[in-house]
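A.B. asks: Spelled out, the chains give:
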Amino acid sequence: MKTSFKVVIVGGGAAGISVAARLLRQSKVFGGEIAIIDPAEKHYYQPLWTLVGGGDSKKEDSEREMKDLIPEGAVWIQDAVTSFEPKRNEVSTVHGGTFTYDYLVVAAGIEINWNAVKGLAEALGTKNVCSNYSYEHVDYTWETIRSFKGGTALFTHPATPIKCGGAPQKIMYLADDHFNRVGVRDATTIIFGSANPALFDVDKYRIALEKVVDRKKIDARLRRSLIEIKADEKIAVFENLDTKEIEEVAYDMIHVTPNMQAPGFIRNSPFADGAGWVDVHKHTLQHTRFENVFGIGDNSNLPTSKTGAAIRKQAPVVADNIVALMRGQQMQATYDGYSSCPLVTGYNKLILAEFDYDKKPAESMPFNQAVERTSMYILKKELLPVMYWDGMLKGTM
Amino acid sequence: MSATIHEEGDLMQLISELERPEIQQSLTSLLTKLPEIEKSIDSIGNAVQFGKAVLQDESTTRKYDELFSSYNLSLETVASLVTLLEKLPKLVQMIEQLENIIDFVSAVLKDEQSTDYLVSNLKEYAEPFLQKGKEGLSFYQEVQQKADCNPQNVKMFSLVKWLKDPAVQKGLCYVQATLDVLNERTAQNK
Numbered sequence: 001m002k003t004s005f006k007v008v009i010v011g012g013g014a015a016g017i018s019v020a021a022r023l024l025r026q027s028k029v030f031g032g033e034i035a036i037i038d039p040a041e042k043h044y045y046q047p048l049w050t051l052v053g054g055g056d057s058k059k060e061d062s063e064r065e066m067k068d069l070i071p072e073g074a075v076w077i078q079d080a081v082t083s084f085e086p087k088r089n090e091v092s093t094v095h096g097g098t099f100t101y102d103y104l105v106v107a108a109g110i111e112i113n114w115n116a117v118k119g120l121a122e123a124l125g126t127k128n129v130c131s132n133y134s135y136e137h138v139d140y141t142w143e144t145i146r147s148f149k150g151g152t153a154l155f156t157h158p159a160t161p162i163k164c165g166g167a168p169q170k171i172m173y174l175a176d177d178h179f180n181r182v183g184v185r186d187a188t189t190i191i192f193g194s195a196n197p198a199l200f201d202v203d204k205y206r207i208a209l210e211k212v213v214d215r216k217k218i219d220a221r222l223r224r225s226l227i228e229i230k231a232d233e234k235i236a237v238f239e240n241l242d243t244k245e246i247e248e249v250a251y252d253m254i255h256v257t258p259n260m261q262a263p264g265f266i267r268n269s270p271f272a273d274g275a276g277w278v279d280v281h282k283h284t285l286q287h288t289r290f291e292n293v294f295g296i297g298d299n300s301n302l303p304t305s306k307t308g309a310a311i312r313k314q315a316p317v318v319a320d321n322i323v324a325l326m327r328g329q330q331m332q333a334t335y336d337g338y339s340s341c342p343l344v345t346g347y348n349k350l351i352l353a354e355f356d357y358d359k360k361p362a363e364s365m366p367f368n369q370a371v372e373r374t375s376m377y378i379l380k381k382e383l384l385p386v387m388y389w390d391g392m393l394k395g396t397m
Numbered sequence: 398m399s400a401t402i403h404e405e406g407d408l409m410q411l412i413s414e415l416e417r418p419e420i421q422q423s424l425t426s427l428l429t430k431l432p433e434i435e436k437s438i439d440s441i442g443n444a445v446q447f448g449k450a451v452l453q454d455e456s457t458t459r460k461y462d463e464l465f466s467s468y469n470l471s472l473e474t475v476a477s478l479v480t481l482l483e484k485l486p487k488l489v490q491m492i493e494q495l496e497n498i499i500d501f502v503s504a505v506l507k508d509e510q511s512t513d514y515l516v517s518n519l520k521e522y523a524e525p526f527l528q529k530g531k532e533g534l535s536f537y538q539e540v541q542q543k544a545d546c547n548p549q550n551v552k553m554f555s556l557v558k559w560l561k562d563p564a565v566q567k568g569l570c571y572v573q574a575t576l577d578v579l580n581e582r583t584a585q586n587k
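Chains as they are written, first to last, in our numbering: chain V, 1 to 397; chain Z, 398 to 587.
If you are wondering where the hints come from, they were derived from the structure by calculation, not from laboratory data.
The structure presented is a predicted model; accordingly, all values stated were derived computationally and were not measured.
Where hints are given, some of them may not hold.
As the list claims (entries may be wrong) - Beyond 12 Å from chain Z on every Cβ pair, some chain V residues (computed): (1) 39; (2) 151; (3) 159; (4) 249; (5) 289; (6) 364.
Stated by the list, open to error - Subject to a maximum C-alpha distance of 25 Å in a straight line, what follows is the list of computed DMTMM-like cross-link-like pairs (lysine to aspartate or glutamate): (7) V:28 with Z:508; (8) V:349 with Z:524; (9) V:58 with Z:513.
As the list claims (entries may be wrong) - Listing some non-contacts, in silico: residues in chain Z with all C-beta distances to chain V over 10 Å: (10) 415; (11) 427; (12) 442; (13) 457; (14) 466; (15) 482; (16) 515; (17) 527; (18) 540; (19) 543; (20) 552; (21) 564.
Cβ coordinates follow ideal geometry from the N, Cα and C atoms, glycine included.
Construct the complete structure from the given sequences, taking the supplied hints into account.
C.D. replies: Rendered as structure tokens:
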């Protein structure tokens with residue numbers, strides 16, 4: 001078995017596969033010389049889970065076999081990385097493998113910490129405690145919303161970086177829309193408990209979302225971090241991040257966005273910054289200390305929103321810069337912090353937020369994307385999944 | 398007299414130059430390379446001879462002349478070639494984009510799961526329109542069937558009965574309203 005590669009990519013998610021596909025398109029020299037290390041059998045298109053939880057998509061459409069997605073010319077090592085030895089250009093795995101590289105791409109994604117909120121792991125998927133952040137339990141979100149007969153519907157956003165920062169709100173807006181459709185909205189109070197200081201980081205979209213929240217009569221409580229769920233009593237315990245006071249909120253259903261963190265083997269590696277994320281240069285995506293190492297996607301410490309759209313713009317930068325280094329040239333490709341969040345505000349309504357490091361809108365469409373539009377909802381539901389599977393993961397988009 | 402002094406001065410300068418070790422080293426190196434240089438000069442001479450021979454060979458020059466004249470090569474072509482070379486970086490960029498689009502479309506068409514996804518969702522959007530179309534068609538078919546099965550003549554009594562039908566009344570009201578508006582407009586224009 002080959003153990004030495006020109007490029008080793010840790011993680012076969014959106015970032016890892018995109019970079020591999022792009023490198024293979026750029027030069028034949030990479031054929032058989034790229035290893036993707038990932039233990040997962042399945043690969044998920046997670047943005048669809050919002051619509052699955054809202055009853056508007058099937059979760060099976062978000063799942064594919066990993067073996068079908070590994071680009072031709074790349075070698076899939078179905079194993080999990082345990083440690084890095086950057087001075088020897090080595091990566092070690094659970095099953096005792098050691099692989100060496102000329103260039104390393106760290107694209108291991110983000111880890112969900114279900115245990116950070118007391119009582120959550122035990123209650124998830126039962127007693128009206130649901131979350132769209134789990135493929136296993138995403139169906140239960142729709143079951144909970146569909147069978148809701150009124151009362152308090154509680155939605156949360158944690159005090160950690162998360163993947164797709166708009167998702168905690170999207171499912172809330174879909175739930176509100178559904179409650180209206182089935183006539184239980186008048187008997188329902190919707191509360192949004194968010195650890196963030198605002199509904200959105202970018203002013204243009206924050207203002208638009210504040211109007212949505214007002215129109216939908218949602219009680220938005222900011223700077224509240226969920227710390228415990230008492231599922232039997234249906235009580236959620238929040239910490240007020242400003243006053244440090246503990247607040248209990250009674251609910252009839254709760255959708256939880258769990259705390260997230262960098263994967264353990266990254267947090268404890270030489271690549272991590274103080275917070276555990278891969279420490280990279282924000283424009284070149286090259287590691288700040290190891291010049292043949294790059295970080296991309298959710299596991300990096302890039303100061304932008306962690307989304308698939310961000311990865312779509314980061315992947316060509318990583319691929320181009322690796323090729324430049326290989327050829328002994330200056331790295332030219334740069335990343336401007338672009339990220340995007342299709343903010344679903346109801347069935348058939350969506351605000352397409354696009355922005356950069358400066359939190360300035362970087363919109364692709366020739367119209368004001370802060371307006372709720374059906375066309376953008378169709379884009380999210382129908383076209384983005386196909387663009388992902390057949391464009392982004394093939395290295396063409 | 399002055400010319401002799403000048404020549405002597407030049408000679409002295411040359412001798413002093415020759416005494417410099419780096420010059421001596423260069424001369425030695427040049428001398429050792431002389432056979433190689435001679436060979437190269439011979440090769441160049443051969444190439445020049447070959448060129449002359451080709452140009453003097455009328456049948457060969459005629460053949461190439463005919464070959465080139467069969468192409469539409471001109472100064473304009475050369476100018477275009479240079480322009481094209483200048484534009485190559487931009488063209489390469491565009492070709493790469495086009496290649497990506499073609500590869501994406503090919504990938505979608507080859508991907509059964511994606512095409513199924515698109516087709517099944519398209520059906521969802523088309524369903525309400527298809528339903529309306531089907532309703533219209535069944536209405537027309539029912540009318541057609543009844544008309545075919547009812548060979549009796551329409552009598553004056555039937556016409557009077559029709560007039561009481563709300564659908565006919567609504568239609569007639571629409572006709573009446575149209576006539577009223579038309580009359581008003583005609584009166585205004587007079």
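A.B. asks: Which constraints among the numbered hints does this structure fail? Numbers only, ascending.
C.D. replies: Of the numbered hints, just 16 does not hold.
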